[in-house]
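Protein chains in written order, with numbering that gives the first Met the number 0: chain C, 0 to 717; chain H, 0 to 717.
In short, the hints are calculated from the structure, not lab data.
A virtual CB, placed ideally from N, CA and C, is assigned to each residue, including glycine.
Each statement offered as a hint is correct.
With a straight-line cut-off of 27 Å between C-alpha atoms, the simulated DSS-like cross-links for lysine-lysine are:
id, chain 1, residue 1, chain 2, residue 2
1, H, 714, C, 374
2, C, 446, C, 506
3, H, 538, H, 446
4, H, 308, H, 124
5, C, 696, H, 275
6, C, 373, C, 58
7, H, 481, C, 407
8, C, 275, H, 714
9, H, 373, C, 714
10, C, 714, H, 407
11, C, 714, H, 101
12, H, 407, C, 696
13, C, 407, H, 714
14, C, 373, C, 446
15, C, 466, C, 481
16, H, 275, C, 714
17, H, 373, H, 66
18, H, 696, C, 275
19, H, 283, C, 685
20, C, 187, C, 291
21, H, 458, H, 538
22, C, 101, H, 714
23, C, 275, H, 604
24, C, 187, C, 308
25, H, 283, C, 696
26, H, 467, H, 481
27, H, 714, C, 373
28, H, 407, C, 604
Stretch by stretch, here's where chain H covers chain C in the computed footprint (C-beta under 8 Å, at least three residues):
id, region
29, 260–273
30, 333–340
31, 398–407
32, 617–629
33, 696–709
Number of protein chains: 2
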Amino acid sequence: MWTSLGAVSEPAGPRAASGRFWAAILGAAAGLFLLGFLIGWFAKPIEKKTSLSTHEDMKTAFMAEMKAENIKQFLHNFTQLPHLAGTKENMHLAQQVQAEWKTFGLDSVQLVHYDVLLSYPDDTKPNYISIIDEHGNEIFNTSLSEPPPPGYEAVRDVVPPYSAFSAQGMPEGELVYVNYGRTEDFFKLERVMGINCTGKIVIARYGKIFRGNKVKNAELAGAMGIILYSDPADYCAPGVDPYPNGWNLPGGGAQRGNVLNLNGAGDPLTPGYPAKEYTYRLDKISCVGLPKIPVHPIGYYDAESLLRKVKMHIHNNNEVRRIYNVIGTIRGTVEPDRYVILGGHRDSWVFGGIDPQSGAAVVHEIVRSFGKLKKEGWRPRRTVIFASWDAEEFGLLGSTEWAEENAKVLQARGVAYINADSSVEGNYTLRVDCTPLMYSLVYSLTKEIPSPDEGFEGKSLYESWYKKNPSREYKEVPRINKLGSGNDFEVFFQRLGIASGRARYSKNWNTEKYSSYPVYHSVYETYEIVEQFYDPTFKNHLTVAQVRGGLVFELANSVVLPFDCRDYASAVSNYAHIIYNLSRNHEDELATYNVSFDALFSAVKNFTEVAASFHERLQQTDINNLLAVRSLNDQLMFLERAFIDPLGLPGRPFYRHVIFAPSSHNKYAGESFPGIYDAMFDIENKADQHEAWEEVKRQISIAAFTVQAAAETLKEVA
Amino acid sequence: MWTSLGAVSEPAGPRAASGRFWAAILGAAAGLFLLGFLIGWFAKPIEKKTSLSTHEDMKTAFMAEMKAENIKQFLHNFTQLPHLAGTKENMHLAQQVQAEWKTFGLDSVQLVHYDVLLSYPDDTKPNYISIIDEHGNEIFNTSLSEPPPPGYEAVRDVVPPYSAFSAQGMPEGELVYVNYGRTEDFFKLERVMGINCTGKIVIARYGKIFRGNKVKNAELAGAMGIILYSDPADYCAPGVDPYPNGWNLPGGGAQRGNVLNLNGAGDPLTPGYPAKEYTYRLDKISCVGLPKIPVHPIGYYDAESLLRKVKMHIHNNNEVRRIYNVIGTIRGTVEPDRYVILGGHRDSWVFGGIDPQSGAAVVHEIVRSFGKLKKEGWRPRRTVIFASWDAEEFGLLGSTEWAEENAKVLQARGVAYINADSSVEGNYTLRVDCTPLMYSLVYSLTKEIPSPDEGFEGKSLYESWYKKNPSREYKEVPRINKLGSGNDFEVFFQRLGIASGRARYSKNWNTEKYSSYPVYHSVYETYEIVEQFYDPTFKNHLTVAQVRGGLVFELANSVVLPFDCRDYASAVSNYAHIIYNLSRNHEDELATYNVSFDALFSAVKNFTEVAASFHERLQQTDINNLLAVRSLNDQLMFLERAFIDPLGLPGRPFYRHVIFAPSSHNKYAGESFPGIYDAMFDIENKADQHEAWEEVKRQISIAAFTVQAAAETLKEVA
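Required output: the full structure, derived from the provided sequences and hints.
Listed below in structure tokens is the structure:
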């Protein structure tokens, strides 16, 4: 090819001229040819790749596009009516979101529906609790609804406080106070105080753990009903007025919420499969996660009145209703078959001022900003999927059903999932839960975002965050928490093994001792509580938008995935030491039953070394080598997947991540090495000690295998 | 960039010259620049890609490299000693194979060991069956070993015929003949003849189904022991002499074999996890798949003597022993992170003349030929992995443990698995079992391979194969069978969803009615039986080498994966009609219980349409667009994976393919839509008809979902 084309390139021109002249001409010709060649060589685009500088420029443009004022307006718009899952109002909001995302410029926006089991109070038979006197007369009834907040008196369809999926029933009996209803509370009750809950109605205060765990504990203790109440100690900050004058929970307010123990199953009637028209549904007896006893929430005014003997009147109905996710897409330009997902729920118990609309408004602004860049001709390297989930409040149903329907594609193509529920649960500092793979990305991104905090003008978000909440485990970085559950990332992370993270503005957990935020899941979660108390300038919302949006941007647009596998090695090593140290409370049994953590530590060591080599190799890779980059990115993408055990955790087939799981005692919290942890939990009280310690050994073996297998995925591919 | 460099390119030369001259010079300069640019543009390699013609050339070279004579020598070499799994001899053969594969030029060759549960006769207490007279005296004992074949009289360590993993025991009782011991045989016995097997010893003739299923059926029928015997009707071809004068089974010969029902679990002590040093092992009571009753195989001489009342003497021991796989690799040049695997087992019950060494010798020649090409500077596009599995005879243990250890990597990178057990079980024509994805590849490849058959000189293998065994289901193509199990592809296909296939030379199944081949698993499987009777010129071995090797070559080296998803659509449609037609034996129940196959047919229709569009898109793809090809290839690779249900089939967690499974009644056979099939099997005799038909509906729903989800994976990626 060189030769034949070179022959054609011989210069044509007048023959009679001096040798020197022609030498110059020929030299110039050769020079020109060479120059042309070099320009041709270098000008040829390897691909339509976004150069590093363009990446930074576009990120700057993206970050600058997002505005606090827009988020504020979106929040106002989303909070004017109740948007309970399974209602017309929430379908209408889905349609509105769909229309607006289309206007914003996404490539496609679909409504995706499922028919799932939901639970509502009976319109004709209200739920309440009575106090019974010695003659069996009802001498007091708890309130049937919350006093409405000012300005919302005329709103119809405010669902009264109830415990979704409670069993129906009217049990009557002695009332036993079980504190928070935690495992340790029942242990203390039964083992120390000698109180038996069998045949009793128990009353637990809200807080500390997921309410479904309280209900499960009550059931296991033999209770025939459970009342959940909001105690001022947990739902009122000192020196703060109740809403509307302050942001504390009024005495007539109560916390709605589902009381399922789904363990990641999604729709209780279709565990493992999407709840589509054609899907087989279990009968209501064999379905997953429903409590067997009546459950009801009350406020602290009513709680103060309850005495020894009470009767519950619970008439909630479970019914299959249609729910709607909104799924929007921007197609990636270079790797359209790699997906970065930003998702948050849209359904709310009532107005959803904080939960979820402070998050949904942020998602809306992120979508608008991505759309803006796209309208100007830009596309991300990878495909970005935006999701507005339905029925999160009823057990993460919208996200779980969608992930079940798309599991095969998500397993093969899912790079990361960023969760976007409530943007603010306080206004003190940032709070992040994520996979160790994202630690370094979160740190580098927050160094680029300005802090919204008073006293940190001109400083980065990283700086204020670090100052206010430094890590306990790692030196000189802000704290990042483990992912647990109780939100829509669950199916992506705990079942499918897709790297996930979440971020919001939070309170000072060291000093503010109330649970979550006081008006959580009450009718008092309004636009005004955010606008007047939580974030009047919406600067914290904007910061959260920059964090969530920035994460999505970097994950979708970086040539090399911004995952650092070395941080996973450190985290796993840390968790191995924690679980080992826990085991040392049983030194005698470790010896008796020959329990060793050596294999786990050996696997962790291998993982650490392999991760370091992988990172080294990554640094040396020519980022213009498309397939080499793709291959390394695939190793990074599939690393989180490598921690998935297809056999699942014991008794929890949909929690399959071997390093992390929702705590068996509190769905909200993350537990590390959950298989080993659960095997050792309360082991001293297990009847068959040999069997119990055999299970510990089995779990250590599974953990060691999984860490080793994950290490293997990071080695050179052949 | 264009501008600034363009400025530099201004030609330098004498200023005083005619305008026309300079115009010519400038024109030439511009021309030269353009020419240089174009050459630079086109000369820049997109990658070191193998052009289509090189692919064909290399394939021709590869096919020509393989020689019958080499296969013959390898077979001779591999069959001089017994190579029972777990013995020194088989470890030595592993080391020899490792050394030779290294010499052949592979990039790496590893010995990979596992410590698995195996089973052997007790050296001091032989197994046998006695006839008991009315006084309880043993008046006849079955033989303790087979008469050795000529030339092998001095060989030590020939394991006597036994049923591996049989329970120990000496049951004594009445003998009941159960024909082949199939489900239908026991149904007939119990339901038609009214014979109860409880507390009896049953005797079943070998053949028709996997022996493990016979044992399971006997157990379920309440038998306290089972004798397996080779009947001349099943193990002697008419007009053929027993070995050594012919290839029939001598009367003193018996069939060894394992009698497990592992359902894909691999090592019975470590289901789901690799049997490494650190792995937790179940105790021998809770381990998977072991029969609870004594089992023993005998020949037809002994079988003829058995009378009404017998006593079994079975003393096999289960013990954990080390096994060795040999794993060799040639790194792929363009996509080293995509794996094509050729595997076959190396362990044999005795000499393994046919099973497995006629296959292992072919693998050896394929490895040598790949190595030859590699030494000449070529590499395949993708990585090729060669495996010599251990302990296949004990339940596919070597392959399953390796796949368990490497599951995470295989799921992400496994393109295809080609199985290579016995190359010849007859000499009539080709026999292929494979995923529908490979149909078109198998057909196109066999059209390029010359037929070795008499009367087909100058014709293709495809032609003789088609002539001798045309498909019943599809017009004018040779028959291809469904994959069942009983061989090492099982874990790859049925558990992991990696496209798999197998090929060997076989008998005429229409006319040759004996089971498998007569000397199967007896001491008479020698080198000589192959060399004298089955394939004296080794032309059929060479043909099998060309098929297996050719498949590996095409799968590893084609730019676009040679999978045709439209054939999967046809197959699934065919299976849907088959299962629907089967259901119509129960028209009344279909109506009563509201059972509909509509969702399944709708999903099949969608799959068919999407597959057609995918194929269309594939045709239009620029094969120089590296990432586009990679993306489409990933869709093809992950299609088989899409049929995997992580929840597994009912009661069989390691059989997870929704379209295919080993039959629940015969491990060797493949069943399509096994979940629905098993739910409907013998349904008329189930106690709770409502519950039984609900399960059918649930299985139809799972099948419909899975087919639909597989279709989704073939749609455009975003």
